[in-house]
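Enquirer: The lines below spell out each chain.
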Amino acid sequence: LAKTTQPISMDSYEGQEVNITCSHNNIATNDYITWYQQFPSQGPRFIIQGYKTKVTNEVASLFIPADRKSSTLSLPRVSLSDTAVYYCLVGESKGTSGTYKYIFGTGTRLKVLA
Amino acid sequence: DSGVTQTPKHLITATGQRVTLRCSPRSGDLSVYWYQQSLDQGLQFLIQYYNGEERAKGNILERFSAQQFPDLHSELNLSSLELGDSALYFCASSVVVGLAGPHNEQFFGPGTRLTVL
Numbered sequence: 004l005a006k007t008t009q010p011i012s013m014d015s016y017e018g019q020e021v022n023i024t025c026s027h028n029n030i031a032t033n034d035y036i037t038w039y040q041q042f043p044s045q046g047p048r049f050i051i052q053g054y055k056t057k058v059t060n061e062v063a064s065l066f067i068p069a070d071r072k073s074s075t076l077s078l079p080r081v082s083l084s085d086t087a088v089y090y091c092l093v094g095e096s097k098g099t100s101g102t103y104k105y106i107f108g109t110g111t112r113l114k115v116l117a
Numbered sequence: 683d684s685g686v687t688q689t690p691k692h693l694i695t696a697t698g699q700r701v702t703l704r705c706s707p708r709s710g711d712l713s714v715y716w717y718q719q720s721l722d723q724g725l726q727f728l729i730q731y732y733n734g735e736e737r738a739k740g741n742i743l744e745r746f747s748a749q750q751f752p753d754l755h756s757e758l759n760l761s762s763l764e765l766g767d768s769a770l771y772f773c774a775s776s777v778v779v780g781l782a783g784p785h786n787e788q789f790f791g792p793g794t795r796l797t798v799l
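Here the protein sequences come in this chain order: A and B. All you need for my numbering is the position in the first sequence, starting with 1, plus 3. All you need for my numbering is the position in the second sequence, starting with 1, plus 682.
No wet-lab data here; the hints were simulated from the structure. Watch out, some of these pointers could steer you wrong.
[Unchecked claim] Pairs of lysine-lysine, DSSO-like flavour, derived with a Cα cap of 27 Å:
(1) 739(B) x 104(A)
(2) 104(A) x 55(A)
(3) 6(A) x 739(B)
(4) 691(B) x 739(B)
(5) 72(A) x 739(B)
(6) 6(A) x 104(A)
(7) 72(A) x 55(A)
(8) 72(A) x 57(A)
(9) 114(A) x 57(A)
Taking the hints into account, I'd like the entire structure generated from these sequences.
Expert: Structure representation (structure tokens):
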């Protein structure tokens, strides 16, 4: 099973735009891609989801190319409170048996500096 | 507050013991998921139930089992515990059963921190 990979860490300054990419080679055909934010000792919190092209909500944008083998979370004008770990979540379906698993990316630790 | 509750918040036990973690999903959510988060393995999917039936299975050990009850709460049973089972265990719930289609986001509980000594 291919891993769903992300950069381990990123540093940014307040007010900058941050882009975090997730590679997901085995994504299930009909599944949406979802991104989560996690603070220490808390459960992941939903940020945004999409199927293809571009999705935007009040906190982020999500870019998904046509082959859907990757996705990029874009956080506009980050602040100190955006310091957290960010994960993508996809579904992977294997073989004719249709074995299905939910796969979280390896996580990206974002540190926002003043 | 996601609306998902998990008990207990912390659990300390010894190797070889058995524990039960409990999860109550958000009101109206039929799907319940269990995840394990350890430092070296990240967030790992264990198992999913939908309206009482098992729907997807991840890398769940044979020593672990789960069920979803008629009132939709779920329990994760961990037995013959080993040091390596020490981790945060998260429960999540959603309205739908998978990731196909919009509005399928999973809502996570605060987690149970299990320490095996």
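Enquirer: If a hint holds in the structure, say so; if it doesn't, say that too.
Expert: Status of the hints after comparison with the structure:
1. Restraint check for residue 739(B) and residue 104(A): satisfied, since their Cα atoms lie roughly 6 Å apart, inside the 27 Å limit.
2. Restraint check for residue 104(A) and residue 55(A): satisfied, since their Cα atoms lie roughly 20 Å apart, inside the 27 Å limit.
3. This hinted pair checks out: residue 6(A) and residue 739(B) have alpha carbons roughly 17 Å apart, not beyond 27 Å.
4. With a C-alpha separation of about 24 Å, the suggested pair residue 691(B) and residue 739(B) falls inside the 27 Å cut-off, and the hint holds.
5. A hinted pair counts as satisfied when its Cα atoms are at most 27 Å apart, and residue 72(A) with residue 739(B) qualifies at roughly 23 Å.
6. Between the alpha carbons of residue 6(A) and residue 104(A) the distance comes to roughly 12 Å, so the proposed pair stays at or under 27 Å and holds.
7. Using a Cα cut-off of 27 Å, the hinted pair residue 72(A) and residue 55(A) holds, with the two alpha carbons roughly 10 Å apart.
8. Distance restraint check for residue 72(A) and residue 57(A): the Cα-Cα separation of roughly 14 Å lies within the 27 Å cut-off, and the hinted pair is therefore satisfied.
9. Between the alpha carbons of residue 114(A) and residue 57(A) the distance comes to roughly 25 Å, so the proposed pair stays at or under 27 Å and holds.
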